[in-house]
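> As a plain string of letters, each chain reads:
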Amino acid sequence: MIKISFPTDYNERSCYLVAINASLMPYVAGALRWFEKRGSWLTDSDYEQGYAAFAALEACLMKCCLDDLIESNDRLYRMLDTAIYGTAYTVVTSDPLLVEPLVQPVHTLDIADPLSIIGRMDDMSQLLQNALNGTETPNYSDTPGIRELLANIIAAIEAGESNDEDMLAQLVQIAGLLA
Amino acid sequence: MLDSSDSAAGVNAWIRTGSTVADGESALITFTSAIGALSDCAIVARHLVYRGVEDPRPAAPGLAPAAGAGVFIFSCADVDTYAIVFIPSFRSDLLLTSGPGAGILIDQESSDVLAFTDIMISDIFCNPFGVQVTALESAYYQWRP
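Line by line, the protein sequences are chains A and B. Everything in the first sequence is counted per this note's numbering, starting at 1 for the first residue and increasing by one. Everything in the second sequence is counted per this note's numbering, starting at 1001 for the first residue and increasing by one.
One thing to keep in mind: the hints can contain errors.
Said to hold, decoys possible - Among chain B residues calculated to face chain A with C-beta under 7 Å, some are:
id, residue
1, TYR1082
2, GLN1132
3, THR1134
4, SER1138
5, TYR1141
Said to hold, decoys possible - Computed spacing ranges between beta-carbons, pair by pair:
id, chain 1, residue 1, chain 2, residue 2, range
6, B, ALA1135, A, LEU178, 58 to 64 Å
7, B, SER1122, A, PRO114, 52 to 58 Å
8, A, ALA19, B, PHE1129, 29 to 35 Å
9, B, VAL1079, A, VAL106, 42 to 48 Å
Derived from the structure by calculation, the hints contain no laboratory data. Note that CB positions come from ideal geometry on N, CA and C, so glycine has one too.
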């Protein structure tokens, strides 16, 4: 049997993800046992490094199922989808894991929950539009807006028709819109 | 033992039943020294092996084949060091029955498995290079004929 040297570039190389059917795993992993033996390696140093590397490989083989890896991506997607759009997900069964609604290839900009990130941003946008411009939005309908109130005050002052009580009332209204 | 061309050889000797560890180690040192005086080989390693033999030999309690092993991979005290321990004829009822690793992954919560891993971690065990075992990294079924 030819004895092997431990690769000198081991620590510089990256790893490949290899898909192994779970049924074959006992045989594939078991076949690595030869590399745990001193007789496979050229020197004691090769043996020590080789033993550690193959032990790490054997530990790694059963640590990350591809299904788990894909599911972790889906979990991340669902977390973002809930946070950004407010989509509510439900675990239908846990083993095997089935979550509804299923992850779709594309996503619309529809807001599923007003408490989501874009739901809150949309609410803030409506508030600003209504408060500043008096625009009626689904959530806000106060009129007039700050701009119109200020314009009314300026116009009244310019026309010399300023009435302190009217102006005070409109300033109170503005303060209310900014509160 | 290694000769001048690095060819390996060895000497076996046996000690009396009931000898203590200290007696065995002491005898090994004396014996090694005596062998060194008789040989042109360099003595590069010594092994003191203790054997216990069940008498009478008990029957196997289950039908699992010897090649079906429960393999335990432990990390050790130094960075990137490991110890592999495998148990032949591993009991199939100690494997997980659900999830993607069903029938392969060992149930690490089983009391029998916990008893074994606790001993490996808390006792004097180390890897082949003398580094203390510290934690279980992975445990699963392998075919090791």
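> Hints first: check each against the structure and report whether it holds.
So, going through the hints one by one against the coordinates:
no. : hint                                : in the structure
1   : TYR1082                             : holds, 3 Å
2   : GLN1132                             : violated, 14 Å
3   : THR1134                             : violated, 13 Å
4   : SER1138                             : holds, 4 Å
5   : TYR1141                             : holds, 5 Å
6   : B:ALA1135 with A:LEU178: 58 to 64 Å : holds, 59 Å
7   : B:SER1122 with A:PRO114: 52 to 58 Å : holds, 55 Å
8   : A:ALA19 with B:PHE1129: 29 to 35 Å  : holds, 32 Å
9   : B:VAL1079 with A:VAL106: 42 to 48 Å : holds, 45 Å
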